[in-house]
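A.B. asks: So the number in the numbering used here is just where the residue sits in the sequence shown, counting from 1, plus 14.
Note that these hints are calculated values from the structure, not bench results.
Any given hint could turn out to be false.
List of simulated lysine-lysine pairs, DSSO-like, C-alpha gap at most 27 Å [as the list claims (entries may be wrong)]:
#	residue 1	residue 2
1	Lys-860	Lys-883
2	Lys-57	Lys-187
3	Lys-879	Lys-825
4	Lys-57	Lys-116
5	Lys-630	Lys-449
6	Lys-890	Lys-860
7	Lys-371	Lys-386
8	Lys-548	Lys-449
9	Lys-386	Lys-630
10	Lys-249	Lys-598
11	Lys-632	Lys-622
12	Lys-240	Lys-769
13	Lys-231	Lys-317
14	Lys-231	Lys-770
15	Lys-825	Lys-770
16	Lys-861	Lys-825
17	Lys-256	Lys-386
18	Lys-622	Lys-598
19	Lys-475	Lys-452
20	Lys-256	Lys-770
21	Lys-185	Lys-158
22	Lys-630	Lys-673
Pair by pair, the computed Cβ-Cβ distance ranges are [stated by the list, open to error]:
#	residue 1	residue 2	range
23	Asp-830	Glu-595	39 to 47 Å
24	Ser-369	Leu-413	37 to 45 Å
25	Asn-590	Glu-744	52 to 60 Å
26	Asn-592	Glu-318	29 to 37 Å
Built from N, CA and C at the ideal position, the CB exists for glycine as well.
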Amino acid sequence: MGNQIEEMTAYFRSAIASQSNQAINFKEDNYCIFSSEELIDGKIHESIYQVLLEANKDNKCTDNIKVIIVAKTIKTIFDSQEKINSDLEDLTGIYYIPAILKEDGTLSYATGKLPWIPRDYLQPIVEETLSIGHIEDFNNYMSKSIGLIHNIKTWGDYIDFSQKLYEFVTKSKFDDLHLKELEIEDQVYILKDNTINATTSILKLYDDLLKEYKGSKLYENFINLKYKDISPLVKNEINEMKRHSGQMGGEYPLSPSQRESINHFSLMEEGEILAINGPPGTGKTTLLQSIVGDLYVEKALEKEKPPLIVATSTNNQAVTNIIESFGKIEPIGYRNLEERWIEGVNSFATYFPSSLKEKMAQKKGYHFTNIKGEYFVSDIESDENIRKSKHKFMTNYNLYFNENISNLEDCENKIHNVLCEVNEIKKNILDIANKLEKYNTEHKNIRELSDSLRIKINDHKEEISNIYIRIKEWQNHFKNMPLLYKLLKFISPFKRKIHNMNRMFIEPNETFLNEEMSLIEIEEEYSYLIKNIKKQVHAITRIYDEIQSLIKDYDRNILDLKELNIDVIKEDVIYNLNLEEINKLLDTTLRYIQFWLAVHYYECRWLKGEDMLTEKQKGTNYPNVVERLYNRLSMITPCYVMTFYQLPRNFLCYEGGNKTNYLYNHIDLLIVDEAGQVSPEIGACSFSLAKKAVIVGDIHQIEPVWGVSRALDKSLAIENNVIENKEHYELLEELGLNASNSSIMKVASKACKYKKFNRRGLFLSEHRRCYNEIISYCNELVYEGNLKPMRGLGELDENYQLKNIPYFGYKQVDSDYSYKSGTSRFNKNEANEIANWLSINFQTIKKAYIHEEVRSLVGIITPFKAQAKYIEKELKKKIPHINEYISVGTVHTFQGAERRIVIMSSVYGKDDGCYFIDTNRSMLNVAVSRAKDSFLVFGDIRSFSNSKTTASGLLSSFIRNQSI
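Please build the complete structure, drawing on both the sequences and the hints.
C.D. replies: Spelled out as structure tokens, the structure:
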């Protein structure tokens with residue numbers, strides 16, 4: 015491993031390991047209580063061990079238990095039987111110390127775990143209700159104490175470190191029962207450590223990379239501390255069109271920017287990263303389907319193993335959005351070709367959830383499994399399912415191909431042959447269209463062009479005939495001259511007579527002749543003219559014949575398709591379409607058919623038993639077994655969907671004993687969705703498991719939740735020799751290779767060799783979700799006018815039923831200020847106004863969209879959780895069962911979602927300002943772009959900024975004249 019690779023790996027590992035823990039709600043847990051004196055001594059009553067052991071869900075016998083000590087808890091104060099600090103939950107812990115509890119009640123240091131104060135209670139925080147210190151102080155102390163931490167040997171060392179950390183951050187003595195305005199309990203709580211470290215598998219992969227790095231071009235490209243050299247963008251030309259082989263969806267052709275992305279994807283080499291910026295509503299899901307479908311067909315054409323494609327992100331919402339979309343490919347009418355010909359499979363994606371998400375996956379009907387091939391894989395691999403699948407496959411095969419065979423080998427050969435023939439016909443049609451377009455410089459209909467060429471040929475032939483007639487007339491003219499003139503033409507008077515006669519005989523169009531010419535000279539001039547016209551006739555005839563030949567070739571290809579029982583393109587289509595239009599047509603016809611032929615080709619190979627596991631191999635995860643398992647699974651579902659937290663463990667194999675082995679460079683294509691929400695250190699190591707990566711995201715959506723502060727991040731980078739000093743940290747930030755305030759999207763841009771709109775990476779431009787009035791706000795706010803609104807203006811949409819609701823508007827709700835609830839805010843007036851307005855208008859909205867799911871109609875977004883609760887409470891009073899129809903939540907709740915109408919409750923009163931809204935442009939970008947038909951603000955817009963350079967100020971300028 016080179017120095018840079020090792021240093022970056024160690025740095026990212028340190029960033030993962032040092033991420034702070036969160037507050038623990040332990041009211042419902044089995045906890046015990048002991049004194050702060052016992053905490054200092056490190057010895058508690060041994061009965062506590064028994065209580066916590068019984069609470070062990072695994073119920074395993076052990077001589078020690080991992081525990082969490084809640085060393086500092088805010089005291090709940092009562093006065094006149096009422097809580098005084100009602101904004102705080104009971105048992106609000108503010109300082110946690112992880113430890114090991116032994117059977118005799120002895121406490122010891124839990125190596126690798128350190129005390130923490132929940133980030134919610136450390137400044138800077140947007141809503142400062144409960145603040146006991148500053149995050150910079152916490153991180154500075156931890157950064158300066160690395161050596162001290164490594165020297166912790168005894169409980170005394172550990173508790174001394176814990177006390178000093180607390181005192182440094184809170185500026186209060188550890189034994190003081192008052193902290194600022196808060197009163198602290200004098201007792202200590204202890205509970206079993208049931209927290210799940212989601213990053214465990216990521217840490218293990220980093221450890222293996224540090225221990226046995228075997229080389230990965232993709233990983234090295236990702237962590238490289240240099241920008242990739244820029245290459246020119248690939249144009250959408252004939253070779254790129256021919257290379258594009260498969261489309262998973264056939265309802266619509268690709269947009270220009272989607273096609274641009276596919277063209278660049280098809281040229282990717284091992285180790286390459288393609289970054290694609292995808293703003294809301296620009297067809298990211300369609301693009302991902304197209305990428306998977308194209309690679310799937312490409313492998314099928316070459317009779318190779320199916321591609322192993324992993325689509326990932328950090329949150330389950332992003333990955334389940336993918337799996338749901340891969341199960342909703344709308345058929346467009348190509349008979350039974352668009353059906354699965356095997357039993358038990360209805361999607362092209364398989365979900366690899368955590369154990370906690372398995373029930374959800376089962377409830378939603380997802381195909382889900384794990385590295386041992388349980389659940390979906392074991393179900394479809396059962397003898398009974400394979401037997402049923404063979405029968406279903408043969409029935410569908412014979413129905414589609416109108417044959418009567420029962421041999422899978424024959425089926426496989428036939429399907430593959432047809433797939434290859436369709437691919438060649440696709441290329442032929444593109445070649446024909448390309449050649450025809452070269453002739454069609456006037457952008458005419460090809461039939462019109464052909465007719466005009468034929469007319470030109472006939473006109474030229476008629477012109478030649480007329481020339482011969484005219485030559486004959488000249489010959490007669492000279493023949494009929496008096497003999498005396500001819501004999502005495504050298505004498506001036508006779509010469510002039512001849513010239514006079516010639517001058518009168520020359521016609522106006524014979525400008526190339528003059529009266530002094532002899533018959534021979536005139537014939538010579540006409541001979542040149544005939545020669546030139548014949549050249550033109552020859553050239554035009556050649557073009558005409560070539561066009562006719564190309565049209566015949568086209569007709570022959572269409573006939574070949576019909577002989578393959580594929581009647582999807584009409585003979586006369588070629589007359590009306592240019593190359594670009596033909597290419598679009600192929601998306602919804604031949605490329606779509608190729609995808610389904612590839613599906614059935616791999617289904618056939620699966621049924622034949624390729625790489626089928628023996629009973630002895632099933633349930634094991636030796637490398638050769640996992641490779642066979644994944645090959646079989648990829649035949650029927652080419653896309654695996656999992657979070658970055660699950661990804662490493664799904665490619666970790668066992669080789670016997672305690673030896674493990676990761677399947678490095680095994681994933682053919684790694685797709686990262688919502689990459690703007692993934693912090694680099696979370697996903698970087700997984701790039702070592704893949705050959706290529708397509709990164710799709712939007713830096714203007716909600717950012718990741720960073721687990722490392724900038725101050726601590728600098729220390730980790732210096733400690734691991736990534737940078738020499740803190741001044742060099744800016745380079746990491748510029749490249750995006752820092753663990754604070756960056757994302758995988760930013761790193762991918764650095765590693766991508768293409769640039770669009772002066773930004774690294776490609777860009778999906780065509781927006782189709784929102785009316786133009788709505789998306790124009792986002793376009794101006796963050797996208798610099800690079801989005802192309804495609805849906806049209808709402809005011810011109812005759813189908814829009816809610817004429818009394820503006821596409822962009824507001825309801826003024828006067829409020830001087832909002833109220834605080836713990837660390838959140840609420841505004842009862844706004845909640846009441848929203849509930850009242852919906853109670854009046856909700857039935858009208860339902861009728862306007864009578865054919866749509868009610869839950870897809872209205873969403874209510876607010877920056878604050880407390881406000882969401884108040885709105886839900888008020889809605890339930892006004893509309894029965896409203897929670898079944900309307901989603902209410904923060905902006906984060908709606909990331910990736912869409913609604914016909916979005917209502918935003920801004921919460922702030924006119925004297926509050928709107929700091930939280932203006933702090934981050936992504937918040938309003940996400941909120942506004944959820945609305946397809948109407949975005950309505952309920953609030954006091956006097957709290958919005960007066961400057962259009964701010965998010966709220968720009969929003970105010972869009973809605974100010976649209977009051978409801």
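A.B. asks: Are any of the numbered hints broken by this structure? If so, which, sorted upward?
C.D. replies: Violated: hints 5, 15, 17, 18, 23.
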